[in-house]
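Generate coordinates for the entire structure from the input sequences, incorporating the hints supplied.
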Amino acid sequence: MENYILTEYTDSAEQFSKSLEFLLPGSLVKSRVLSNNFSSEGHGVLSKGFYLGNNKTKNLAELEIINLRSCVFSIPFKGKYTTYVSNKLFSECTPERGCLFLPADSIKYATETSLVNDLIITMSYDEIESLLLKNYNIKSVDISSIEMNKSNSKVKLIYNLILSKMSALKCYPHLGESLHFMSSVKEVAKLFLTEIIADFMQVKIKQKVSPDIKFLKNVEMLIDANPEIYFSIHEIAEKVNTTPRNLQLIFRKHRNYTPMQFLKERKLHRARLAILNSKGESLIKKIAFNAGFTNMSSFSRDYRNLFGELPSSTVELTKNNFF
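Residue 76 is where the sequence shown starts when you use this note's numbering, and the numbers rise one by one after that.
Keep in mind that a hint or two might mislead.
To be verified - The list that follows gives simulated cross-link-like pairs (lysine-lysine, DSBU-like), each with its CA atoms no further than 35 Å apart:
1. Lys-245 with Lys-229
2. Lys-133 with Lys-225
3. Lys-123 with Lys-245
4. Lys-281 with Lys-209
5. Lys-292 with Lys-155
6. Lys-328 with Lys-245
7. Lys-279 with Lys-225
8. Lys-245 with Lys-225
9. Lys-133 with Lys-279
10. Lys-292 with Lys-245
11. Lys-163 with Lys-245
12. Lys-131 with Lys-155
13. Lys-209 with Lys-231
14. Lys-314 with Lys-225
15. Lys-245 with Lys-155
16. Lys-245 with Lys-131
17. Lys-131 with Lys-153
18. Lys-279 with Lys-261
19. Lys-292 with Lys-279
20. Lys-265 with Lys-289
21. Lys-314 with Lys-93
22. Lys-314 with Lys-289
23. Lys-214 with Lys-292
24. Lys-105 with Lys-281
25. Lys-281 with Lys-360
26. Lys-245 with Lys-214
27. Lys-360 with Lys-265
28. Lys-229 with Lys-155
29. Lys-328 with Lys-314
30. Lys-123 with Lys-105
31. Lys-281 with Lys-261
32. Lys-339 with Lys-292
33. Lys-229 with Lys-133
34. Lys-133 with Lys-153
35. Lys-361 with Lys-105
36. Lys-214 with Lys-231
37. Lys-209 with Lys-133
38. Lys-261 with Lys-214
Don't read these hints as lab results, they were simulated from the structure.
Just so it is clear, the structure is predicted and the values come from calculations on it, not from any experiment.
Below is the structure:
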């Protein structure tokens, strides 16, 4: 983009406007200067439609972006300006307060100081929109501007992100040519900006369930439905098309019990429920057998360990409550 790079020095208002149009595809940018001593230069990570860095202007009177289709974050490092959205006054921006703009008919910056050093992030709104849907299930956003107060911890993170990446580029200029560096900076900026928008809309991030957790819950539901038909981990593993070792590893990673411990507990609960519903009329041995136990001594011991009483005590309690 010959002579129209935001990070390069220019004393031409026309070049300055063109450099912003490069960053804001589909937008028309108009700038008005205070005097012939206008200048602009910047430093940051730049590609078509994306910029993270600063822009220092001298003697810029006004900047208007028509048909904004991007997401624009800006907060002055030095200087002041007043912002307007669709020709309506929005906010005064200072080193303690900035703005986040989303698609709008027009936004305007009117400078209040001859020198403004602005910290900026610009990004295609399509990328923000897709992440809002993916992470927050936000299908549409009916706002075009959000005030950014630097006292907010998340805004402070974005502010420091810009400063840290600018500092990195100054120390290691070759990073500006690294696609990996560019991609990582862009992804972090995108996450931060979507979080700000979701916070403003009071929407929390969707909790993602890992494949392991989904698999684990399916196994537990399978066991819980018919615990009496399983007697070994091999039977369970075969039923869910995995290996006993993999089943053990997944339970060890996400649970405080093994598959067989879970199976035993579900059998014991099944037996206790049967005893309570029997009203003292069914034999404990028969109930234990129907629940999947083959050894009465082990059944009585495990029952007492889990419920604090022997099966016979539950039977007596049931009889007393019934009569």
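Go through the numbered hints given earlier and state which of them the structure violates, listing their numbers in rising order. Failing hints, ascending: 5, 6, 9, 10, 11, 14, 21, 24, 25, 26, 27, 35 and 37.
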